[in-house]
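Peer 1: One-letter residues, chain by chain:
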Amino acid sequence: MIYLDNAATSFPKPKRVYDRMNQFLREEAANPGRSGHRLSVAAEAQIVQARSVLAKFFGAPEPERIIFTLNCTDSLNIAIKGVLRDGDHAITTVLEHNSVLRPLNALEIAKRITVTKIRPNAEGFIDPKDIKKAFRKNTKLIAMTHASNVVGAVQPILEIGRCVREAGLLLLVDAAQTAGVVPIDVERDFIDLLAFPGHKSLYGPTGTCGLYVSHRAKLIPWREGGTGFDSESQTQPEVFPFLLEGGTPNSVGIVGLREGVEFIVQEGISKIQTHERRLVKALREGLLGVSGLKLYGTEDVARSAAPVSFVVEGIEPQELSLVLDQSFQIASRAGLHCAPLMHEALGTFPQGSVRLSPGYFNTLDEIEQAVRAVRQIQSQMAVS
Amino acid sequence: MDISRYHRQYLFNKIGEAGQRKLVESRITIIGCGALGTILVNTLARAGVGFIRIVDRDFIELNNLQRQVLFDENDIKENLPKAIAADRKIKQINSSIQIESIVSDVNYTNIERWVQDVDLVLDGTDNFETRFLINDACVKAKKPWIYGAVIGSHGLTMTIIPNETPCLRCVFESAPPPELTPTCDTAGIIATASAVIASLEATEAIKLLTGNAKEINRSLYSYDVWTRETKSFKLEGLREATDCPTCKRQAFQFLTGDSAPKTTTLCGRNAVQITRPDRIKLDFKELAGRFEKTGEVKFNPFMFQAKIDGYEFSIFPDGRAIIKGTNDPAQAKTIYSKYIGV
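Residue numbers (the numbering used here), protein chains in the order written: chain A, 1 to 384; chain B, 1001 to 1342.
For the record, the hints were derived by calculation from the structure and aren't laboratory data. Among these hints, one or two may not hold up.
Under 10 angstroms between C-beta atoms, here's a sample of chain A residues computed to sit facing chain B [said to hold, decoys possible]: (1) I315; (2) E316; (3) Q318; (4) V323; (5) D325; (6) Q326; (7) L336; (8) H337; (9) C338; (10) F349; (11) P350; (12) Q351; (13) Q376; (14) M381.
DSS-like, lysine-lysine: derived pairs with alpha carbons at most 30 angstroms apart [stated by the list, open to error]: (15) K117(A) with K129(A); (16) K294(A) with K1298(B); (17) K1077(B) with K1324(B); (18) K1248(B) with K1207(B); (19) K1231(B) with K1338(B); (20) K294(A) with K1307(B); (21) K218(A) with K117(A); (22) K1324(B) with K294(A); (23) K1077(B) with K1293(B).
Over the 12 angstroms line for every Cβ pair with chain B, so calculated as not near, a few chain A residues [said to hold, decoys possible]: (24) P12; (25) V94; (26) N138; (27) H215; (28) R216.
The structure displayed is predicted, hence computed values, not measured ones. Ideal Cβ placement from N, Cα and C applies to all residues, glycine included.
Generate coordinates for the entire structure from the input sequences, incorporating the hints supplied.
Peer 2: In structure tokens form, the structure reads like this:
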């Protein structure tokens, strides 16, 4: 099997992730910080260390401002529903995943907020000037993806962050496609809220995700409960991370996530990025040579993350994807990728596109096999 | 309780008044309410079985009326599910019995619920997957069940008493591959064939429920209404001779969900993808032969496409399929088992 669905979740994971989770679950997995016995204390220490590793990784000065969440959707919901108040205006983009669009749409339909959606250019980039032009008196939040999960275009977050900060607004970045492969520094990039999945390019297991919350963002928690701390208080403690972390954390997953991040640090993020860019470049160049194939996104691989989307004339994306799996043992993903507005913008709604998303563990040879497979499918199927 | 309405039935000496009273106190589940199921419900409700549960996920279509005796054109106008239409008819036929009708897909998550509180289960289904589910659930719950299957002019039936007779998997270890499994929707069916097989099933049910279990048919019985060819496969000793995963090893693989087909609704496409649990290798040429009579067909080495009854099928060599024209997974499964077979 050639796995080219890393934009959905990375697979496989580095060996140290499996090993550490196995060891932790067998020998150390007491409920972190809930009890005074040594196992509980040690498990809590593991979570604190993981928090610290992630804070350092994203340039967050205070580790307790990294919150562990259920998944990236949970992070985005905590952020969006936590900061927006009745009467606020939010800005987002057409690139977004439903995990950003749906919470905003629901608030807008309930007439609690208003939302402006910015369109990208043909390559999938948002112009920071368009964001700035959309600012209103009551604008509070700019919620946007760091890179399109459909076409991979990496957005000019630094420029956008700067103008959002200058205007005194909040920037929420969905780093689902970039965390672990595109360097992110929340201070440098003026990011107030950073939602990141643990199970994609950070190589953790599914069910591990996080949210960075700066002091500038005042969040109301929507999930309240036990924290193993300040139990006498009738309401959720105001202290981070407990304010936003009610309930027993996914300790087994979090120690795995930490190993994934340590793996990245050890390899070097630039080495990972360079390898992924090389794969994306080879994939894009190869696909361009297939007749009847329309490729989306940008030619500038330096501004592109792993997702590569295309359609082949005369073949439904879902069918092409199934044939890739069935006859060539290549895992891809077809359809709307939970980003319906982006497909509308590309003109690929509702059939969507085929998405191939290489990861660090793919090889150039695998990319060549994938290109050959697409070519062969095109030649045999598109005409029939 | 007044049982006089069943007088002509208990006058038959094998049943008698005592047998009739047993029947009135009996509880059964009929899975599938189509060609076989409607005759089973009709016959057994009239016979006075005290509680009948009907489970079926489908709605009535015009091409069902040729053989599915309880339904009429009005039910189609009202767009009724089969279970509901059957319920209404039975209440007019025999108001003294209790009917429970359930509009639902039968799968590993719910089958046990419908088997555990009855004395007998009857097969009115049209596919192997559900029959293996019934077999697992009945053997596990130690409930007798009666298998019945019909295609064209030919049918099969067999009575299964767990721990006593061979079970369905002693006879058929796995489902035959789809290209060798014609379905009513590809090979046709004549109503007299389903009437005969359902009548034989219902007779077995009456034997079991009136205290005549000793007289059940212990063979796999095959009958063709067209050629009048009869075969009776003796099953004695089979249970002892095989290492049946269900009744010997008590593994009940169909109840775990591992053997269930997986469905995925494709966003925005009004289409459902179906993935079979087993790895098969379809022969597209043979499949084309089956589909050509009913619809428009084309294929290449990677994919087989057919348009039938407003649905578009894209079928892949391992049996996976995308069915366009519905976004309801249960309906897609129905269509898949109708035309491709499981």
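Peer 1: It remains to establish, for every hint, whether it holds in the given structure.
Peer 2: Hints versus structure:
About 9 angstroms separates the beta-carbon of I315(A) from the nearest beta-carbon of chain B, less than 10 angstroms, and the hint is met. The beta carbon of E316(A) is positioned within 10 angstroms of a beta carbon in chain B (closest approach about 7 angstroms), and the interface hint is therefore held. Given hint, Q318(A) at the interface with chain B, holds; its Cβ is 6 angstroms from that chain's nearest Cβ, closer than 10 angstroms. Using the Cβ-Cβ criterion of 10 angstroms, the hint placing V323(A) at the interface with chain B is satisfied: the shortest such distance is roughly 4 angstroms.
Checking D325(A) against chain B: minimum C-beta separation of about 9 angstroms stays under 10 angstroms; hint holds. For Q326(A), the interface hint holds, the least distance from its beta-carbon to any beta-carbon of chain B being 5 angstroms, beneath 10 angstroms. Checking L336(A) against chain B by beta carbon gives a least distance of about 5 angstroms; that is within 10 angstroms, so the hint holds. Interface hint status for H337(A): upheld, as the beta-carbon distance to the closest one in chain B is roughly 9 angstroms, under 10 angstroms.
Evaluation of the C338(A) hint against chain B yields a held restraint, the C-beta minimum of about 8 angstroms falling below 10 angstroms. A cut of 10 angstroms between beta carbons decides the hint on F349(A): the least distance to chain B is about 7 angstroms, and the hint holds. Hint status for P350(A) relative to chain B: holds, with the closest Cβ pair at about 3 angstroms, below 10 angstroms. For Q351(A), the interface hint holds, the least distance from its beta-carbon to any beta-carbon of chain B being 7 angstroms, beneath 10 angstroms.
Residue-level restraint check for Q376(A) holds (minimum Cβ-Cβ distance to chain B is 9 angstroms; threshold 10 angstroms). Hint status for M381(A) relative to chain B: holds, with the closest Cβ pair at about 6 angstroms, below 10 angstroms. Between K117(A) and K129(A), the direct Cα distance comes to roughly 14 angstroms. Compliance with the 30 angstroms bound is thereby established for this hinted pair. Using a Cα cut-off of 30 angstroms, the hinted pair K294(A) and K1298(B) holds, with the two alpha carbons roughly 25 angstroms apart.
With a CA separation close to 24 angstroms, the supplied pair K1077(B) and K1324(B) stays within the 30 angstroms bound. Of the pairs offered as hints, the one joining K1248(B) and K1207(B) holds, with about 26 angstroms between alpha carbons and a cut-off of 30 angstroms not exceeded. Only pairs whose Cα atoms come within 30 angstroms are accepted, and K1231(B) paired with K1338(B) is accepted, the gap being roughly 26 angstroms. Distance hint between K294(A) and K1307(B) is fulfilled; the C-alpha atoms sit about 27 angstroms from each other, no more than 30 angstroms.
As the CA atoms of K218(A) and K117(A) are separated by approximately 23 angstroms, the hinted pair is consistent with the 30 angstroms bound. About 24 angstroms separates the Cα atoms of K1324(B) and K294(A), which keeps this hinted pair within 30 angstroms; it holds. The suggested pairing of K1077(B) with K1293(B) holds, with an alpha-carbon distance near 28 angstroms, which does not exceed 30 angstroms. At roughly 22 angstroms from the closest C-beta of chain B, the C-beta of P12(A) stays outside 12 angstroms, upholding its exclusion from the interface.
In this structure V94(A) is separated from chain B by more than 12 angstroms, as the shortest Cβ-Cβ distance comes to about 16 angstroms. With a least beta-carbon separation of about 33 angstroms from chain B, N138(A) lies farther than 12 angstroms from that chain, consistent with its non-interface assignment. Taking the minimum C-beta to C-beta distance to chain B, about 39 angstroms, the non-interface status of H215(A) holds against the 12 angstroms cut. No beta-carbon of chain B is positioned within 12 angstroms of the beta-carbon of R216(A); the least distance is around 36 angstroms.
When held up to the earlier numbered hints, the structure conflicts with none and fits them all.
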